[in-house]
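Protein chains in written order, with my numbering: chain X, 15 to 342; chain U, 235 to 487; chain E, 58 to 355.
Calculated from the structure, these hints are not laboratory results.
Mixed in with the good hints there might be a few duds.
[As the list claims (entries may be wrong)] Calculated cross-link-like contacts (lysine-lysine; reagent style DSSO-like; alpha-carbon spacing at most 30 Å):
no.	chain 1	residue 1	chain 2	residue 2
1	X	K305	U	K322
2	E	K221	E	K298
3	X	K216	X	K305
4	E	K315	X	K153
5	X	K56	U	K322
6	X	K170	X	K48
7	X	K56	X	K339
8	X	K170	X	K305
9	X	K305	X	K48
Nothing here was measured: the structure is a model prediction, and the numbers come from that model.
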Amino acid sequence: MNAFRNTGANGLAGIAVLAAVVVALALVPLLAEKFYVQFFAKILIMGIFAMSLDLLLGYTGLVSFGHAAFYGVAGYALALVTPQYQAANFWTSLPLAIAVSGLVALAIGFFVVRMHGIYFIMVTLAFAQMLFFLFYDTKLAGGNDGIYIDVRPVAKIGDWQPFNLDNFAHVYYLVLVLFVAVYVLLRVVLASPFGRVLAGIKANEHRMQSLGYATFRYKLACFVLAGATAGVAGYLAAVQFGVVNPEMMGWHLSGAVMMMVILGGMGTLTGPILGAAVWMLLELWFQGLTKHWHLLMGGFIVLTSLLLPKGLIGLFGDLLHRLAKRNG
Amino acid sequence: MAEPVLRTEALTRHFGGLAAVHAVSLEVGMGQLHAVIGPNGAGKSTLTNLLSGDLPPSSGRVLLRGEDITGLPAHRISQRGVGRSYQKTNIFLPFTVFENCRLAAQSRLPTSMRFLRPATAYREVNDAAGAALVAAGLEARAGVPAAALSHGEQRQLEIAMTLATRPSVLLLDEPLAGMGAEESARMVALLQRLREGHAILLIEHDMDAVFSLADTLTVMVNGTVLESGTPEQIRSSPAVQEAYLGTEEVVHE
Amino acid sequence: MDFNTFLIQLLNGVQYGLLLFLVSSGLTLVFGIMGIINVAHGSFYMIGAYLAWSLAGVLGSFWLALPVAIVLSVLIGLALEWLVVRWLYHRDHLYQVLCTYGLILVFEELRSVLWGDDVRSLPIPELLNRSIPLTDTLSYPVYRLGISVVCLAVALGLYLVIQKTRLGMTIRAGASNRDMVQSLGINIQLVYRIVFAAGIALAAFAGMIAAPVSAVAPGMGNHVLIICFVVVVIGGLGSVKGALIASIMLGLVDTFGKVLTLQVGGLKLLPELSSMTVYVLMAVILLWRPEGLFGKKF
């Protein structure tokens, strides 16, 4: 409870809003048909993915352009651990996928976190592309066709099966539960001493070092945490879509998730969730307009990056500020 | 004097062909304030950077309580009890005054790899931050964002952050820079109080402050030590007067 | 490996490296002088290739198509700088990356609209479509040698312009102190526009001359961009000399890497892993020198 008080989420008011949102989201499968339920699930999965990047981008100032690598690796972990025509065990495959993406983040982070500025951006992209080509070019994991997950993971404990992932509503609720869990966990971590170190690194890394912090260690830990969290999203995506392919680590996805964070408002944790929703809706709309919807998407990205640096949350904040000034 | 807390031996730093600091040997004892003065470009800030670990030396040694700390990175040196304040204000502008000090004090926890408890729940950290703010005279401004402070207040915050890490050695780089008369007097009083329990190396241009505070003075010119001694020795040295003091205001006793 | 194979791979590696240099020099110049990272730089490699292909078809000659394509690329570069890039000068690198990433999507889709998604091929121009003998048993395609020669000529030209001309002096001054140059009455905006267009044109030109020996395909811009990133990271951002050395190194490592992994021990080792050698090289160099071989710390 203290975590919320101290993150400026206005204490009780913040928790109330969160609860209301969760209840509203929980009602979706009861009110909407399958297509929309799955679309909402997709948004929530992207929300988890975007929150994980915000940890790096918005809170620590680490601009990672290869974040999809960890998302994709987790999806592939599930696919590779699923025997053909059989189901994997949910209770072992989820932790495994998270561990895999965390370890890959540790391996890449070890090289990448020592870089700064534009070099950091470029090497994160380069390493992610390396992984992409590893999966795209080799027969390790289905090459550029990817792997089908014929049977979704089974969540049995003894004889009891709490949920059945062949049911799209169950998948939705699983996604929702993990979404809320990730949000709460990240809020707690950001309010902790570790989270404050990250904020200090973003504000003035040099001063943090002269105050006695071994900033490399903290940046690396953040990189691993963000990677593991992205792994949660990747695992859920694999469950949701039943297929994994190299595009899940591709730079178009890395670029998309970066856009979601910026569009929503980086460094706010809620902004990226909003950004994910808006992005998915825009994508759906543009795809309906023309075959060449990438043109519209690209144009949107150019305009947003030039005109909306603080994202939608920043825009709302500025508008509210101006309204308050006029009335105040 | 007992074994000095901080000591350098022939400390040298080259940049390309230029020696910014050349063969500087000095020492600071506990409870002592050692001031380093000299014209601009004399290498004073570089010297401070060498002592704080912001810059590795080209040759020579730095010893802290007899232990060789030459070439250690800044965070390691800070953890050994050396606190550094900067000439160009180096604070966390987006945070409040209190949070600036709290984060500084948090560095003294055995580790900040703590993920579950809120940062503000660590009472010893909060107390250390509060004490530093009181010492620096900023307790009334605790909730103000650092970016909204006046220049003088930001310099005070700069010192407060350094104090919040509870160092035994203080490296202060022009703490009075840009301060008005009243703020300067307050800072000088603070520095007087700090002598007990600390070893202080002070870089300053304000000659009144320097002569009233210093136990030892070192004059640097062009990267080397011109002369070193008590304030009286320095004041009456013809070489120093010619090189430096002659062009400054004459100090009145 | 016998001597002939070694020689061929050596020449291939150098040629690939020099082509990479042409593209990366543009990227590193634009960043070093203007402080702008343009991730759409690779798209111009692609645009150059497609322009050459379609103009060669329309004009009937590769040699006619080249200058026209170069002029068009420069014009596109100038227009792009004026429309979009000049708003990026003082922005955080994050926004430069995002904005130019958006441009990649736009260019890719425009390419799809104008030229379709099929893989095209451009025949080697008649004049150079022959081989010259290097040893008793080996001959090597003249066109490939031509590519290397042209790239070296461009490298030399770049060096002369930057080091020996007034424009070059202005550019170098603008790189270290933009405001000073402006207050001296020099139109730094114009200088930047020229530098940007030149950088783009270098990438496009590389795409044009590479087209006859590699496929003119949709993904070619993105692929070359990533390798260019590796080049400038290894060589050091802003350093043309570093880009040259790193490009040649990468070209050789990549070429020999592919050949050697195929030949090792008779086992059919995953040959596809050969494309990873450049990343391994990057990782090793980064451990040793995080700012690249000749870079400044940013």
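So, going through the hints one by one against the coordinates:
The suggested pairing of X:K305 with U:K322 is violated, with an alpha-carbon distance near 55 Å, which exceeds 30 Å. Straight-line distance between C-alpha atoms of E:K221 and E:K298 comes to about 16 Å, which keeps the hinted pair within the 30 Å bound. Distance check on the hinted pair: X:K216 and X:K305 sit about 41 Å apart at the alpha-carbon level, beyond 30 Å; violated. With a C-alpha separation of about 17 Å, the suggested pair E:K315 and X:K153 falls inside the 30 Å cut-off, and the hint holds.
A distance of roughly 49 Å separates the Cα atoms of X:K56 and U:K322; the hinted pair therefore is violated under the 30 Å criterion. For a cut-off of 30 Å, the pair hint linking X:K170 to X:K48 stands: about 24 Å separates their Cα positions. At most 30 Å may separate the alpha-carbon atoms for a hinted pair to count; X:K56 and X:K339 exceed this at roughly 39 Å. With a C-alpha separation of about 43 Å, the suggested pair X:K170 and X:K305 falls outside the 30 Å cut-off, and the hint is violated.
For a cut-off of 30 Å, the pair hint linking X:K305 to X:K48 stands: about 25 Å separates their Cα positions.
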